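Novice: These protein sequence lines are chains A and B, in that order. Quick note on the numbering used here: the first sequence kicks off at 23 and runs consecutively. Quick note on the numbering used here: the second sequence kicks off at 56 and runs consecutively.
It is possible that part of the hints are untrue.
[What the hints assert, rightly or not] In the SDA-like style, the derived pairs of lysine to any residue whose C-alpha atoms are separated by at most 20 Å in a straight line are:
no.	chain 1	residue 1	chain 2	residue 2
1	B	K62	A	G93
2	B	K66	A	E53
3	B	K62	A	V64
4	B	K66	A	S61
5	B	K62	A	P35
6	B	K66	A	V122
7	B	K66	A	S83
8	B	K66	A	S111
9	B	K62	A	S111
What the hints contain is simulated information worked out from the structure, not anything from laboratory work. What you are looking at is a predicted structure, and each value in this text was computed from that prediction instead of being measured.
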Amino acid sequence: MVKKAGGAPGLGPLSRLRRVEGVAWRVIGEEAVLVNVRSDEVMHLNSAASFLWSSLDGRASLEEIALSMTGQYDVDADTALSDSVAFASELVEQGAAEVVEPG
Amino acid sequence: DDSGDRKAYEKPQMSVMRIN
């Protein structure tokens, strides 16, 4: 079951998200450009945001993604996790990602 | 310095532009 984008869910370390199908995207260098054809918006993501976005496959939890982020970036696990949860909430609010409910 | 080959970290951020 998928919680549709548009709300502001209480995301946590175990939350799993996936990219919404209506969003076209491309990684350019280390950054990403997203085009949401439903909301007529173009989004530019910096390097860490692009890493997180690319990892939203609906299977990995935010905690797992944050942990892999610590291997790529000079950041500690706690900071990576809190930043990842905050940014994931932004993506859901923008309608670019949706929460995959367990079960 | 134990950062090894890891990249400099910047908090994940996005900028949003509305399509005309």
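Novice: Of the numbered hints stated earlier in the document, which are not met by this structure?
Specialist: Numbers 3, 4, 5, 6 and 9, in rising order.
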